[in-house]
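Novice: Residues per chain are reported as follows:
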Amino acid sequence: MANKLTVSLSPHVHSGDSVSKNMYGVLIALVPALICSFIYFGLGAILTTVVSVASCVFFEWAINKYMLKNTQTTVCDGSAILTGVLLAFNVPSNIPLWILILGALFAIGVVKMTFGGLGCNLFNPALAGRAFLLISFPVQMTTWPVPGQAFMTVDGETAATPLALLKQMAKSGDVSSLADMPDSLAMLLGNTGGAMGEVCELAILIGFCYMLWKGIITWHIPVSIIATVFVFAGILHLADPLHYASPVYQVVSGGLLLGAVFMATDYVTSPMSKNGQIVYGIAIGFLTIVIRTWGAYPEGMSFAILIMNAFTPLINTYFKPKRFGEVVKK
Amino acid sequence: MKTFRIGGVHPAENKLSAAEPIKVAELPKVAVFPMGQHIGAPAKPVVAKGDKVKVGTMIAEAGGFVSAPIYSSVSGTVLKVDTVVDASGYAKPAVYITVEGDEWEESIDRSTKLVTLNDRPELTSKDIIEKIKNAGVVGMGGACFPTHVKLSPPPGSKPEWVIINAVECEPYLTADHRLMLEHADEILVGVTLLMKAVNVNKGFIGIENNKPDAIKLMTERAKQFSQFDIEVVPLKVKYPQGGEKQLIDAVVSRQVPAPPALPVSVGAILQNVGTAYAVYEAVMKNKPLFERIVTVTGKNLAHPSNLLVRMGTPMSQLIDACGGLPEDTGKVIGGGPMMGKALINTEVPICKGSSGVLIMNDKEARRAEAQPCIRCAKCVGACPMGLEPYLLSKLSAYADWERAEAEDITSCIECGSCSFTCPSHRPLLDQIRLGKATVMGIIRARNVK
Numbered sequence: 001m002a003n004k005l006t007v008s009l010s011p012h013v014h015s016g017d018s019v020s021k022n023m024y025g026v027l028i029a030l031v032p033a034l035i036c037s038f039i040y041f042g043l044g045a046i047l048t049t050v051v052s053v054a055s056c057v058f059f060e061w062a063i064n065k066y067m068l069k070n071t072q073t074t075v076c077d078g079s080a081i082l083t084g085v086l087l088a089f090n091v092p093s094n095i096p097l098w099i100l101i102l103g104a105l106f107a108i109g110v111v112k113m114t115f116g117g118l119g120c121n122l123f124n125p126a127l128a129g130r131a132f133l134l135i136s137f138p139v140q141m142t143t144w145p146v147p148g149q150a151f152m153t154v155d156g157e158t159a160a161t162p163l164a165l166l167k168q169m170a171k172s173g174d175v176s177s178l179a180d181m182p183d184s185l186a187m188l189l190g191n192t193g194g195a196m197g198e199v200c201e202l203a204i205l206i207g208f209c210y211m212l213w214k215g216i217i218t219w220h221i222p223v224s225i226i227a228t229v230f231v232f233a234g235i236l237h238l239a240d241p242l243h244y245a246s247p248v249y250q251v252v253s254g255g256l257l258l259g260a261v262f263m264a265t266d267y268v269t270s271p272m273s274k275n276g277q278i279v280y281g282i283a284i285g286f287l288t289i290v291i292r293t294w295g296a297y298p299e300g301m302s303f304a305i306l307i308m309n310a311f312t313p314l315i316n317t318y319f320k321p322k323r324f325g326e327v328v329k330k
Numbered sequence: 001m002k003t004f005r006i007g008g009v010h011p012a013e014n015k016l017s018a019a020e021p022i023k024v025a026e027l028p029k030v031a032v033f034p035m036g037q038h039i040g041a042p043a044k045p046v047v048a049k050g051d052k053v054k055v056g057t058m059i060a061e062a063g064g065f066v067s068a069p070i071y072s073s074v075s076g077t078v079l080k081v082d083t084v085v086d087a088s089g090y091a092k093p094a095v096y097i098t099v100e101g102d103e104w105e106e107s108i109d110r111s112t113k114l115v116t117l118n119d120r121p122e123l124t125s126k127d128i129i130e131k132i133k134n135a136g137v138v139g140m141g142g143a144c145f146p147t148h149v150k151l152s153p154p155p156g157s158k159p160e161w162v163i164i165n166a167v168e169c170e171p172y173l174t175a176d177h178r179l180m181l182e183h184a185d186e187i188l189v190g191v192t193l194l195m196k197a198v199n200v201n202k203g204f205i206g207i208e209n210n211k212p213d214a215i216k217l218m219t220e221r222a223k224q225f226s227q228f229d230i231e232v233v234p235l236k237v238k239y240p241q242g243g244e245k246q247l248i249d250a251v252v253s254r255q256v257p258a259p260p261a262l263p264v265s266v267g268a269i270l271q272n273v274g275t276a277y278a279v280y281e282a283v284m285k286n287k288p289l290f291e292r293i294v295t296v297t298g299k300n301l302a303h304p305s306n307l308l309v310r311m312g313t314p315m316s317q318l319i320d321a322c323g324g325l326p327e328d329t330g331k332v333i334g335g336g337p338m339m340g341k342a343l344i345n346t347e348v349p350i351c352k353g354s355s356g357v358l359i360m361n362d363k364e365a366r367r368a369e370a371q372p373c374i375r376c377a378k379c380v381g382a383c384p385m386g387l388e389p390y391l392l393s394k395l396s397a398y399a400d401w402e403r404a405e406a407e408d409i410t411s412c413i414e415c416g417s418c419s420f421t422c423p424s425h426r427p428l429l430d431q432i433r434l435g436k437a438t439v440m441g442i443i444r445a446r447n448v449k
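Which chain is which? The protein sequence lines are A and B, in order.
Counting in this note's numbering, the first sequence runs from 1 upward without gaps.
Counting in this note's numbering, the second sequence runs from 1 upward without gaps.
I should point out that these hints are in silico values taken from the structure, not numbers from a laboratory.
Note that beta-carbon positions come from the ideal geometry of N, C-alpha and C, so glycine has one too.
Take every hint as true, because none was put in to throw you off.
Below, a sample of chain A positions facing chain B; criterion: calculated Cβ distance under 8 angstroms:
hint, residue
1, T6
2, V13
3, H14
4, D17
5, K21
6, N22
7, P321
Simulated pairs of lysine-lysine, DSS-like, Cα-Cα distance not exceeding 25 angstroms:
hint, chain 1, residue 1, chain 2, residue 2
8, B, K341, A, K4
9, A, K214, B, K236
10, B, K236, B, K2
11, B, K44, B, K92
12, A, K21, B, K394
13, B, K92, A, K4
14, A, K322, B, K394
Here are the computed distance ranges between Cβ atoms for each label pair:
hint, chain 1, residue 1, chain 2, residue 2, range
15, B, E61, A, W213, 52 to 62 angstroms
16, B, N209, A, K214, 21 to 31 angstroms
17, B, A12, A, A239, 48 to 58 angstroms
With the rest of the complex left out, here is chain B (with noise of 0.2 angstroms):
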């Protein structure tokens, strides 16, 4: 089974939640969306206190060439242009819709007929990557890079494949599983469209072993799309499949050179299969990126469960929806406990990278107290990027940011497999992400002389 070479780690899967089928989740009496959901410029505001919005209408507009626009997932009121609290912990821009009934855009098909591109052969390249710019859709596996920035690759690279990361390697999330199980065809149609935006006639879609009915609904519906040369690469279980350099590796076995090499200089174009789905919706459904599959979970939860969500929803009412937050909560995590970020409330809207929201016990939020490092080399085996955590992390202890770069630190893609492996418990990279910042700053200034 294929999985990629270097390092890893396999913590435990806790995937609660992989038998619940997708719910609708309730609409929210205010959303709120902030204007920073993607990599690159914020969006910019386009509506004012007072406006009318319906599902599907723009609200804000792409702020520059890496941005994306965003769209009004309910209909109702613009409440106010203001502030909110998001993921990251600082108060960020944000439009807040008072939710009146539920009336969509015309323009938006709302049938549950699967479009294929045989029905639409007159698309071209760049009418889809013009529909993904114009629908707002940004990765959807976390990272939430703009997606039409990644179909746009830079003049002289010639992209060979296109990859659909399936992988899920976070431990507890099963949004994705679930999209696949219920969703194989449009998800499929998806896969078409990326291939024929970027002009490619080889797909692959890497999925873990530990979900052997997405593999097996996967491989026999992409029969159907025969014109296409899709394959479905089962890969072994191991954290950090999802990265995207490591995906390549796992798949097509080749690796992308150091920062600032892109995927693209092997020959991939990697999308997520959220993604690739809200592409199909954007492309043949006229339907902007506005909801989106979210794992609510936890073990002391009532009802692990999927949901549908509109963008812009208060975790905390898909928490309620789940039975509520536990008495001994300790920690809410947006996103899966490997990569995702602590949340200092739940009232934090879900945004168009939101894949999960975990709840932990008071005991499981808490972290052992650090002992000395025994160079046990642990972290050495489990770092996916070849690098040396306990050297870097006593590099940015020491402040040896010259030191520190020159070990590649800048290499490094906060995985957190050193952190989850040291048998003393220490914070390698907490250390790490600070001198990564630091450096990377460093190198910014350099270039900018």
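This is chain A alone, in the form it adopts within the complex (with noise of 0.2 angstroms):
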């Protein structure tokens, strides 16, 4: 017995967190936003969550069995399970499913395995897979099914989103289509045309109370962005009523929420320090607005936020946690 002892370096116990408890913990914080994208959307979100939920993960699987030829897999971790959702949450529930796969590809072949799989990429695969498909497929991308028309045919009635709505006043110069504008409540509950994901804000922040509370992620993110879009966008709103959204309805519309909460926290492609992650949340805020009011397109969170991922190396160098001993004698 006394010769059979482990040797090992201290510490000799361990918390029991693990990846998978963290990625299927983050899956359990989306399940009220899936609940509500099923009542809006019916049976068209639940094809289309399942769909890319099972390209993601077939497409890494295969690729690390027979590209990469690794006898360790990180399919049973959740990581492709999660992107699949995500992937799905950010498009029409009534997009074509070869869409959907060639989408699921991208993300999972080119973002995330080319870079070294989990934990390497630099992009979140989920909304590069997005950006991707607005690129090449923007019809299909921005033709928006009417929730609550759960089942009727997938080629239903269609219905611009509130963003694009704005974008459209705001260059048209006429704002007779204001009425039309759903409220911010309606907006919150969900009752609202958009990508699956992205139309109960309610749900999203029961999802971002969860995570919280199980210790998945940390306020920092979520809340920099919310408070920088809230603040901008008041300050344009103030100026110019007529042209400018007001701040709530900034917050509470397109994929701002679930971008805040799903999106920008994803620990590999965020910053490490807790003000890196304010700088980072800043940052994505403000180019959301700036994209959002004055670029090409109605929705600019997941731009925004890809545009972050690549500085997330960046904000790594230059933000560091505060080291013990620099704090200021109280």
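Using the hints, build the complex out of the two chains.
Specialist: Shown next, in the form of structure tokens:
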């Protein structure tokens, strides 16, 4: 017995946390939003999610096995499932499935696996997949089904998103369609056109609270994004209320909350230190409003996050955590 | 509730033996005394084979200023001066003594009567430090830094407070907790002695609030020493609060700058609660340091206990006294689970710094396989020194020592919070230790030039 003892360096205990616990934790946090999208968009949403998840998992497994020839697989850790769900959340529920599968191939194959797989990717796979689809298939990606017509055919009525309406009005100078805009409360509950996961903001906030409670993410990134958007949009709105939407409207519309809570907080592509995370969040919030207000696209969140993903290594280099002993004496 | 400001984790406390009163362990048949039981130069043996010794006889003298003498904990005959494998896993010089009876040196006061500074008003700061030095007292928390050195701050520095570390933030360990419950008065006299030794008026005792009974008792008993300002500070449970820098930050909100700055640079003199007790015994009872409280614990151990152990007793004897080594034992740790050392066998003797013996089963002993870093930043959030463990471990793996030094790898206190918290089970601290040791070597070589 005595010569069979394990000898290793301390610490000898572990928190019990694991990669898959975190990934499945995020998935649990996505459940309310998932349920909402099923309620609003019906079978189309379910089908889209299932196909997206299945193709992401399949591509990761296949690339691991046949191209990289890894014996250790990362398929079971939940990260590919998460990418699949987030990708589905970023597309209209009536998207042609072959387009979606192409998006999954790009997200997993190009954005994640070519960089070395889990933990090595520079950009958020789901968002990069969305950006790829938006540029390649602009029409299919912006034909939004109307919520509530869940069980109609997939080719049913379509609706412009509130942000697209805003952009149109700003361009034409015609504010007559302002009356058609859904109010902020309807947007919070999700009763508007939009991508699957974007519509019900309340469900996303519930997911946010769950992740905070479980310690999966910290408040720094989401709160700094939302606060920046609120302040910056507020200044614009005060200057010219007719052309610039109110800050509350900017916060609850489009993919802002989804992006702030589930996309920008992606472990791999966001900064490591708390102050770096706040800088990152402020920059995302700022860029989002810039793109939404003056850019070509009505929706700026995903591009803002992707741009800041590219800055993450730089932020990590220049924004260090406060070292012990540097704190000013009380 | 006060605590330190940066990082920290909360491991499961598992204080299995918290309600177990201190029991006196049996004498060993042969006691073994390694010569290097403290930080600094190893002690030099002053006995030879065949010499008769009593309990409290000096068997080795200090090997320098930063060193401490070693006293026999048993009476008997010196068997040999040889080597023994200690907790570090290396064979070190050691004195073996065959135990015969239990005869104590006459100079030791074995009565339990409390002696306070009021009874010995003639004691000066110098007397106290001299007695502590001669008694071989070292830090009892595990680091084993000779106490008299800590009480002799470099010229120019001005101690303002004595802070007593009664945090016991390591999971499982309860030795300090029991010591406070059973010897509160002696500890408090020890604190007054330490305060007098460094000539300060304010003392703090930091205790985590998972020991409310100890907080209450110490607060109450401290009132009888009204001429000294001793304050018991309840602290929020958080690891590594027992780290010297973390405790100073928690208690007085001051942060010791990066090495080589000492705690006294912000005015604090830190001592472990066990050290305070040892100081009392050394100064007031003329009793050198040769026994200590050891927690023997583990989830599968039949009777987790707190034992008063003579130094040199092999750990196997303590484990037998607590129900024997369980069948499925995978690891035996000297100390607590966060910073203790895994032992290569159970014959390792109890030394001045042995706060516990922890037995883990096969399953607990095994580490999970490491997965890729997902850059979740949990290690950055957990690091109590504000470092970036993910980066330091990577720099160590790449042998980029220059950058590792620039990223403050030498500030690491090796508390293990990063490895503990890593969801990918990466051996962060293993790599950082290697990097830190290498960088320290480089710095030393540079300073020599």
